[in-house]
Amino acid sequence: MIMQAAQNIRDLQPTVLSVRQLRLSLSINGQACELIKGIDLDLHAGEIVGLVGESGCGKSLTANALLGLLPSTSARWQAERFVLNGEHELAASDENHWSRLRGHQLAMIFQDPQAALDPVFTIGQQMLRVVQRHLAVDRRGARSIASASLAECGLNDGDRILASYPHQLSGGMRQRVMVAMALSCKPAVLIADEATSALDISSRDQVLSLLQQAAKRYGTAILLISHDLAAVARICHRTLVMYAGRIIESGPTERLLSQPRHPYTAALLQATPRIGLPRPQPIEAIPGKLHALHLRLTGCAFAERCSSATDLCRRQLPALKPDEHAHFQACHHPLEAVRS
Amino acid sequence: MSPTAPILEARELSVRHALNNSNSHSPRDLEAVHKLSLSVQDGEILAIVGESGSGKSSLARALVGLLPAAGGSIYYRGKAVSTLDSNARNSWRREVQLIFQDAHSALSPRRRIQQCLEEPLTLQAIPSGHEARLRIEAALADVNLGTDLLQRYPHQLSGGQKQRVALARALLSQPALIIADEPMAALDVSEQARLLNLMIRLRAEKNITFLLIAHDLAVVQQLADRIGVMYLGRLLELAPAQSFFQAAAHPYSQALLAASQRSWSCSTENGPVFPGDTPSALTPTTGCVFHRRCDQALKHCSNKVPEQQFLAQAGSGGEPHQVLCHLYSEAHKR
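If you read the protein sequences in the order shown, they are chains A and B.
Heads up, the first sequence is in my numbering, so the first residue is 1 and it goes up one at a time.
Heads up, the second sequence is in my numbering, so the first residue is 341 and it goes up one at a time.
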């Protein structure tokens, strides 16, 4: 069902964010190290796309690059194409331009709402500042937009929330405030970086439902960055798997999680505990560790941890190739696809 | 289970946090844990799950003496900790170790890993030297870390490494029980699996008992022998893992299970499993604490406090399956 929906969205809805060959280098000890090695990303209106991978694979760097948040002093990033909602050449635009986009066209939610909200201002002061910065409304108008946005996020007691300081709200409420703030200007693209990782299961459930609702109502395209495969399985139409700065597999979520082609995706799924599955002893962990992003490798970055790696894998970088189901994978020895 | 006294036991334990609210003249207390009874048996892995604000962390802190008990008492190997003399008290402190959710803030940023690990030895009057060195190496080997990181600072380690250093530090006290407060919350699946395997191995090799506090049922299913479910400071259900996952009794436990299972079913339609927010521990509730969010609530759930019920258990006649819910009372069954 969701595969059908995924296909429909990609056929019927316009692309709101299109990035080709996003590359990013950071200067570490005076040496330029390429950490993001050419990522292609298309987000359609109303589409929810998951980006998964272990910590250190470059997920958050990608998010920060997409938001133009990397310090220009140490980071160099470029893209062959970077189009947001018809605006071209964002990669080359200046901070002024970015700050007009961020919070308006391009919104974000971070992992830790406690750190993302300023402790010395009320929720109202922080929300109104965002709304007034981007929309041509007076204080009163901004206030009603803010309360309406809070109400949509299930926070009906708008006046009380607006008058509260962040520490007076629970963790789940703070994260919903962040969602409300991000959605207050009806963004075209929302980037949620581990937005549900610090939440318990009922708050996580609520935040995921809110994201789903936003995609449906306003056609907001959402990039959900997470290491929580269950969250991704629940709401994402499509999923991208990232390893060592590259996308190594992507496709419709249901297909990708039920029939992974790349050994890394399969290992990631094995390591994820699920209720109802028998208890393995020991629990399957992916052997070895993510190699340091700045090392230059000629072959596949996963080869050293992969049980089916051959000489070819160490020598030659596998390209990302599609099959007939729009399921892409970059592996010389992919797992068998189940014929349906 | 063994007939000997449990390693650690709470009887009707209450924990309160004083609130300093300048607006009100009367000082108020937030009751994080309410008359909770629980015993941890030697050699088991007991998991306590619950949403944020359910009092899990307050319970963990009270059990190691970091928070005072406002009511009830804690028994360490059959003796109330309030009556322990200073020697026995020290051995309680040493044998019951706590590791925290955020390993980064649990390690001092200005100290090298070696200094962090020497501290528990200093407390045991082991001077830094050859023996200390051997013990530290052994503890690091136990958590699959090399000695190369002894000279590093916490910020130079990954999240998983920091959590394992915290575990190594706890191991240096030669604990009998480790209380782990959401140790894997910030770790990715691969690091998480490593940490869980480590706990299983430490239990098998060193007979270390674990009280694991978590919010993810899928994680605790991997290793727990018993599961307790907390909500607003109460233990709503406590059951052997098998019995819990086959037949969770409390509507809240059922909802938690449904939520973790449903995450995997790809769907574009449904709303959240839980209606509403966790009620604040400050708002007084009458009757059952869960009745407002419960889809199976009876009339008297809103005004009568449920009593502990013991369920007849299929199969093994070991640990009881206890539940705090009116649905299982004799009166309701009739």
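Keep in mind the hints are simulated off the structure, nothing from the lab.
Here the structure is a predicted model, which means the values were calculated and not measured.
Just so you know, not all the hints are guaranteed correct.
Which bits of chain B does chain A cover? Going by a derived footprint, with three or more residues having C-beta under 8 Å, they are [stated by the list, open to error]:
id, region
1, 384 to 393
2, 532 to 542
3, 546 to 558
Each residue gets a CB set at the ideal place from its N, CA and C atoms; glycine is no exception.
At least three residues with a C-beta closer than 8 Å to a C-beta of chain A: is that true for the region 384 to 393 of chain B?
holds (count 4)
State whether the coverage of the region 546 to 558 of chain B by chain A holds or is violated, taking the criterion as 3 or more residues with Cβ-Cβ distances under 8 Å.
Answer holds; 4 residues pass the 8 Å Cβ test.
Chain A covers the region 532 to 542 of chain B, three or more CB atoms within 8 Å, holds or violated
holds (count 7)
Violated hints for the displayed structure: none, as all numbered hints are satisfied.
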